[in-house]
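S.K.: Going down the list, the protein sequences come from chains A and B.
Mapped onto this note's numbering, the consecutive letters of the first sequence carry residue numbers 1323 to 1442.
Mapped onto this note's numbering, the consecutive letters of the second sequence carry residue numbers 1323 to 1442.
These aren't lab readings, by the way, just hints derived from the structure by calculation.
Do not take every clue at face value.
Copies of the same chain look alike in the list, so a pair counts if it works inside one copy or between any two.
[Claimed, not checked] Within a straight-line C-alpha distance of at most 30 Å, the following computed DSSO-like cross-link-like pairs (lysine-lysine) qualify:
{"#": "1", "residue 1": "K1343", "residue 2": "K1329"}
{"#": "2", "residue 1": "K1375", "residue 2": "K1429"}
{"#": "3", "residue 1": "K1434", "residue 2": "K1375"}
{"#": "4", "residue 1": "K1429", "residue 2": "K1390"}
{"#": "5", "residue 1": "K1416", "residue 2": "K1434"}
{"#": "6", "residue 1": "K1375", "residue 2": "K1390"}
{"#": "7", "residue 1": "K1429", "residue 2": "K1361"}
{"#": "8", "residue 1": "K1381", "residue 2": "K1416"}
For reference, the chains in residue letters:
Protein chains: 2
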Amino acid sequence: MFYDFEKLKFHNRISLIYNDKAIGPGILRILELVKETGKLSEAYRIMGISSSKAWRIIKNAEEDLGTKLINTSSGGVGGGGSELTKEGEDFLNKYNSFTNEVDEIVKNLFDKHFGCDIIE
Amino acid sequence: MFYDFEKLKFHNRISLIYNDKAIGPGILRILELVKETGKLSEAYRIMGISSSKAWRIIKNAEEDLGTKLINTSSGGVGGGGSELTKEGEDFLNKYNSFTNEVDEIVKNLFDKHFGCDIIE
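Produce the entire structure from the sequences given, and follow the hints as far as they go.
M.R.: Below is the structure:
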């Protein structure tokens, strides 16, 4: 093997497309953070985007997927909160389990194909 | 499941990095075509790039990887030809076997995670 395996890395990116429209990383990150924090405002603060941008991302994704992904209640005791709809939760879970399994398997395949053979 | 699985697709892109420098799709395509056709001129014709661009891609990749990837002989009976060096062939084979296996497995994982459950 002529190359130094320590210096060889890979980068793998998966994107989803629904009805010919990309499901961007933005909506998936928003779903993740809303699930974690229970607050949409916290999600876009962490992501460093404006509330109007966050809403646009959500509206576009909901329109593309044809379903509501996030429920938001404003006011009430303790202020408003957000939570994923059943569909939002379902989609996020599938995406996470898919990409986590891909990451792990691709890492193993990379080692298998490019890693050091014992006999060389 | 709220979405129509027929409309859901994925796109997976793998890139390799050596010594913090990207090994672009260009050099891998050139290696592939030189192996197939035995002629560098045929490789860049099929790719629709100039010979100077092809040479630049090769020189950069050879410098980055620290090894010669393609041998070219000019003239002789039947004109000149090009062939992969042992290292070029080795690297291309590893890349192809890695990405082919990734493609197949990611396709299966996509079906597994997003595909239709029988009970729903």
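S.K.: All hints are to be evaluated individually against the structure, with a verdict given for each.
M.R.: Status of the hints after comparison with the structure:
In this homomeric assembly, K1343 and K1329 come within 30 Å of each other (Cα to Cα) only across copies, at 10 Å, whereas the closest approach inside a single copy is 36 Å. With identical chains, the CA atoms of K1375 and K1429 are never at most 30 Å apart, being 34 Å at best within one copy and 32 Å at best between copies. With identical chains, the CA atoms of K1434 and K1375 are never at most 30 Å apart, being 42 Å at best within one copy and 33 Å at best between copies. Within a single copy, K1429 and K1390 get their C-alpha atoms only as close as 34 Å, which misses the 30 Å cut-off; across copies the closest is 27 Å, which meets it.
When the C-alpha separation of K1416 and K1434 is checked against a cutoff of 30 Å, the pair qualifies both within a copy, at 27 Å, and between copies, at 10 Å. In the homo-oligomer, the alpha carbons of K1375 and K1390 lie at most 30 Å apart inside one protomer (17 Å), although the nearest pairing across protomers, at 49 Å, exceeds that limit. Proximity of K1429 to K1361 under the C-alpha cut-off of 30 Å is found in neither arrangement, the shortest distances being 34 Å within a copy and 34 Å between copies. Proximity of K1381 to K1416 under the C-alpha cut-off of 30 Å is restricted to the intra-copy arrangement: shortest distance 20 Å within a copy versus 43 Å between copies.
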